[in-house]
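S.K.: Given the sequences, and given the hints that come with them, work out the whole structure.
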Amino acid sequence: HPTYLFPDYQSTILRAPLRELVPMKKTISERTAPVFGLDSISPLDNDLTKNGRVNGDPLGERIIVSGRILDQNGQPVRNTLVEIWQANAAGRYVHKVDQHHAPLDPNFVGGGRTLTDNEGRYKFYSIKPGAYPWGNHPNAWRPNHIHFSLIGPQITSRLVTQMYFPGDPLLQFDPIY
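Using my numbering, the final residue of the sequence shown is 295, and nothing's skipped along the way.
Treat the hints as calculated values from the structure; they're not laboratory data.
Just the calculated beta-carbon pair ranges, DEER-fashion:
#  : residue 1 : residue 2 : range
1  : Asn257    : Asn236    : 45 to 55 Å
2  : Pro221    : Ile131    : 28 to 38 Å
3  : Ser160    : Ile273    : 17 to 27 Å
4  : Val215    : Pro256    : 18 to 28 Å
5  : Ile131    : Tyr295    : 12 to 22 Å
6  : Val140    : Asn236    : 30 to 40 Å
7  : Asn236    : Gln272    : 17 to 27 Å
8  : Leu277    : Thr145    : 17 to 27 Å
9  : Leu222    : Tyr282    : 15 to 25 Å
10 : Asn257    : Pro141    : 33 to 43 Å
11 : Gly185    : His255    : 30 to 40 Å
12 : Pro271    : Val215    : 24 to 34 Å
13 : Val172    : Pro125    : 36 to 46 Å
14 : Lys214    : Asn257    : 19 to 29 Å
Even for Gly, the Cβ is constructed at its ideal location relative to N, Cα and C.
M.R.: Right, here's the structure in full:
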């Protein structure tokens with residue numbers, strides 16, 4: 119695991135714990151609490167090329183993002199909620215905080231979700247996200263990436279991570295990568 123404080127990634131200065139973490143036992147409600155029902159996923163939630171369509175197709179290179187969720191013993195983890203969010207092909211998120219000057223795509227909302235099958239597999243249809251500037255240091259740009267959130271049998275088992283694209287020239291400059 120990386121260190122919690124990584125000065126090259128400036129926001130860790132504000133977010134990193136200042137003392138050792140204290141492990142706490144999970145209560146029964148944390149171990150058994152429901153997360154989402156199977157009926158809360160709609161048929162187009164995993165297709166980011168269609169789930170935000172207004173008057174046409176989103177702009178950008180079409181991609182398929184797929185994988186498997188396995189436990190520490192290599193066994194498939196079924197019915198895991200996998201959520202993704204990403205910038206559009208121009209590097210802009212559909213979020214009021216994103217004030218990057220790249221255009222918004224009216225046919226791309228940038229988010230989707232699905233459940234893993236019995237073999238732990240998931241699949242998303244999307245577009246390749248664009249790079250965008252961020253305030254970590256002067257002339258800092260985030261490489262193309264997709265954010266992932268995985269929620270297992272309870273909300274406390276959530277994992278948040280990112281997926282990058284091989285060969286992206288911005289990878290070497292990104293402290294999160």
